[in-house]
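Each of the two chains sits in its own frame; use the hints to bring them together as a complex.
Below are the chains, spelled out letter by letter.
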Amino acid sequence: MYVAVKGGERAIENAHDWLAEERRGDVSVAELTVAQIREQLALAVNRVMAEGSLYDPDLAALAIKQSRGDLIEAIFLIRAYRTTLPRLGLSEPVDTGAMAVDRRVSATFKDLPGGQVLGPTFDYTHRLLDFALAAEGLEPAAAPEGTPREEPVPHVTEFLDREGLIQPEAESDATPPDLTREPLKLPAGRPLRLQALSRGDEGFVLGMAYSTQRGYGRNHPFVGELRIGKVAVEMEVPELGFAVEIGEVTVTECETVNQFTGSKTEPPQFTRGYGLVFGQTERKAISMALVDRALRWAELGEDNVGAPAQDEEFVLYHSDNIQASGFLEHIKLPHYVDFQSELELIRKLRREAGQATRQEAAE
Amino acid sequence: MTELSPDQTDRKAWMSLLAKAPAAELFRLWEAHGAAPAFRWLRAPEVGAVMVRGRAGAVGAPFNLGEMSVTRCSLRLEDGAVGHAYVQGRDKEKARIAALVDALMQTGGAAALRAAVLDPLEAGLADRARARAAKAAATRVEFFTMVRGENA
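Those sequence lines, one after another, are chains A and B. Be aware that the first sequence starts at 95, since it is given in this note's numbering, and climbs by one per residue. Be aware that the second sequence starts at 1113, since it is given in this note's numbering, and climbs by one per residue.
Chain B with its partners taken away, still in its complex shape (with noise of 0.2 angstroms):
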């Protein structure tokens, strides 16, 4: 794969961002920073699947493992800007706001939308992996060797 420009790189990591969020977390930040743009659909929302594929011996010749259900849309702001959502599940309404975001990230208003919905959005997510990997640690095994009979 070719490298990504520093814009891709930015849209990269936003769109993953929205893909994997909670949607109840994304509608009420969305509904708080209260953006309604006007937009046309390039394509409504469609949920489909997404077939996941993993590596034999998990380095090796790829296989297909199963699929996970998607949903995708497309819509176009006023000014022009598109914007594209594909997001884990089949909620259409969170498709449609991801793809909205999406949208608003291109044009003037990005830095107060990263500031009232991704970062919040990143920072949640953060906090539920180091919440699990702080659970997974306190069942980390220590070893210690037994003190023997003869040393006692």
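Extracted from the complex, chain A is given alone in its bound form (with noise of 0.2 angstroms):
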């Protein structure tokens, strides 16, 4: 029940200049700018982009300085701030095959066209904190260069395709819904899904993937290939009747390759999950595509073990972190007419209770 109350202004006012100050603190220390953030805090910049689900690194990092570095508040402001954009039409879906690879790995095959790059990881440092970092002014020497092959770098699953030894991909060029125009409804089909897996909450989509990994609906994932660089992105423009590239975008993208006995209906063969993230975002996309294979259960005719990342409605309807907060943070804003009826009925319970006991005790 809402009822209009008003007071509180001046306490909001101040409290907001007070977040001001709070967020620029101690005024002896050097100011942020946003390009620092784009630039040093890249990967911060890069899960508020994915989240967000709106690919331009200075507005996330305009949004990390003035959340503080609160991601998720980041990303709502992002959101709040891609509802107000027209929407100027929709790109061709890109071309992974043809990204400028920063990175590639394949966990299945050593030896592959294109090889094994490792790229700017963290993999195989030592975790070990590196206070030559808290010193200021030390440029890094510049990352030694190789040779680059001119040859392609294909998906590793176009080999096992090729033998037929895993599912193909059904060749679609379907308008899949829009979960920005549309409210989700379900059954939602894999197109949806994996709209709302890439924009969903990293750390509830990372412990969705654990799970599966710890039994809950355990689906035998190799990762087959993971790269992370630059794909164009490209438009039909309507005044001119073709496409042109609009620009382009760093993308992670993450295609499991996992065990599979066969079914019912399906032969033994391996199947396939499928993660890709605006991005360098290897952690979310890896986890998109454990939940993705794990959501596909019933299209392959497996099993539905009850596991959580088996049920699409649970999955989706959790994964997004602005619907989340935005349900979980309202109950600590005024309740005080709900509690006040709250409060009557528990008294009047307990006066009613009182009342019997002492009528019991006279009987």
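Everything labelled a hint here was simulated from the structure, so no lab data went into it. Watch out, some of these pointers could steer you wrong.
To be verified - No more than 25 angstroms apart at the CA atoms, straight line, and that leaves these computed lysine-lysine pairs for BS3-like:
1. B/K1247 to A/K204
2. A/K324 to B/K1204
3. B/K1132 to A/K324
4. B/K1124 to B/K1204
5. A/K204 to A/K324
6. B/K1247 to A/K324
7. A/K100 to A/K324
8. B/K1247 to B/K1132
9. B/K1124 to A/K324
10. B/K1247 to A/K159
11. B/K1132 to B/K1204
Stated by the list, open to error - Derived contacts from chain A toward chain B, CB cut-off under 10 angstroms, selection only:
12. K204
13. G213
14. P238
15. D255
16. Q261
17. P270
18. P285
19. V327
20. I340
21. G367
Every residue, glycine too, gets a C-beta built ideally from N, C-alpha and C.
Right, here's the structure in full:
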């Protein structure tokens, strides 16, 4: 029940002024610029773009500055901003096979065309704090350069596909449903699930993926391939009647190859999970691929073992951190009237219970 | 999609280049070129979003990945040439210059403009792509077989 009450304007204004001051922190320390955040906290920027579902590094960096580094708050700011933008069109599906790869590794094949390219990875670092970074003004040496080979970097799943060992992807040019335009409807279908997972909360999707590895809907994944790099975005320009590139985005793509012994409807073969996320976001992309695969149980004729990661409704309705924090955090806002009625009720029940006890004692 | 004519292929190439070019570099080259043609807006610069799509399993059914910011505009030069721009980001000035370049590329000044603006932009993009590819190449794993004890 809502009852309009007034009051607190001055307290709110003063709280916001104090927030601004706290955001700035100690003024004897230099202020962060948006460009510094964009360049030096790039992985935070990537997460905000992926879950904010808007690729714009400057805006994501600004949101991180404004939110004092609270990434979910930053994602909220981006989601709110994107609703103000007119939709200028829909791109052609990006061709990740033509990606300019910064990183490309396969856990299934050691030798493959295009090679294993580590890229700028945290893997194989010792995870020891580097106190040299605490000293300012130390510029790192330029990274070594090798000789790029002019060769295509085909998807690993293509090799398995050629031998008929992996479930083929259904060819389709169907227009996918869009979560930002229509409310979520179940059953969702894979395209809608992929959109929801790609913008879903990294922690939630990671937890769901981890649960499948620990046995809640196990699906035996191998990382067939993980690649990170730039892809061109093409869109048909209505004024011209043909497609042009309108920019390029960095994405992380993960394809899992999953063991599958066959079911009533499908022969024994490998199956696929797929992850594609804006930015260099490999933990998220791998998680997405595992959860995508778990959610495909019905189309593959697998048993539903009742695992949370197999439950489309559970996963899709709880993966969005903006919806979740909106509902969660609203309970801290005034509920005076609601609570007053609960208080009345409890008092009344206690009164009645007390009277009944006294009556029994008297009889 | 139908086959593009040679003119359309050319136009697609320069529009794609302008969309991806860093704004600062485009401004510098445009200023240096010194063209300032009179024009009329057909559509003033407008910031919006384009929904970027992927495909399930890279080759399957399309899905919506997320949006990217894009600025578009259209203009007409006095001689009638019409220029369009769809450029990544929220920079209206970049969109204006991209549309002017698109229009001028359809006029007699095309060759000079290509040499002054498009060629250097393209070289810059290629240089940066090459530098990244070279760094990636340096992190390519070269496997070798360990010499086993009994063979030593």
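Evaluated hints:
no.	hint	in the structure
1	B/K1247 to A/K204	21 angstroms, holds
2	A/K324 to B/K1204	24 angstroms, holds
3	B/K1132 to A/K324	12 angstroms, holds
4	B/K1124 to B/K1204	20 angstroms, holds
5	A/K204 to A/K324	24 angstroms, holds
6	B/K1247 to A/K324	14 angstroms, holds
7	A/K100 to A/K324	52 angstroms, violated
8	B/K1247 to B/K1132	21 angstroms, holds
9	B/K1124 to A/K324	19 angstroms, holds
10	B/K1247 to A/K159	30 angstroms, violated
11	B/K1132 to B/K1204	14 angstroms, holds
12	K204	6 angstroms, holds
13	G213	6 angstroms, holds
14	P238	4 angstroms, holds
15	D255	8 angstroms, holds
16	Q261	9 angstroms, holds
17	P270	5 angstroms, holds
18	P285	4 angstroms, holds
19	V327	6 angstroms, holds
20	I340	5 angstroms, holds
21	G367	9 angstroms, holds
Comparing the model with each earlier hint shows violations of hints 7, 10; every other hint is respected.
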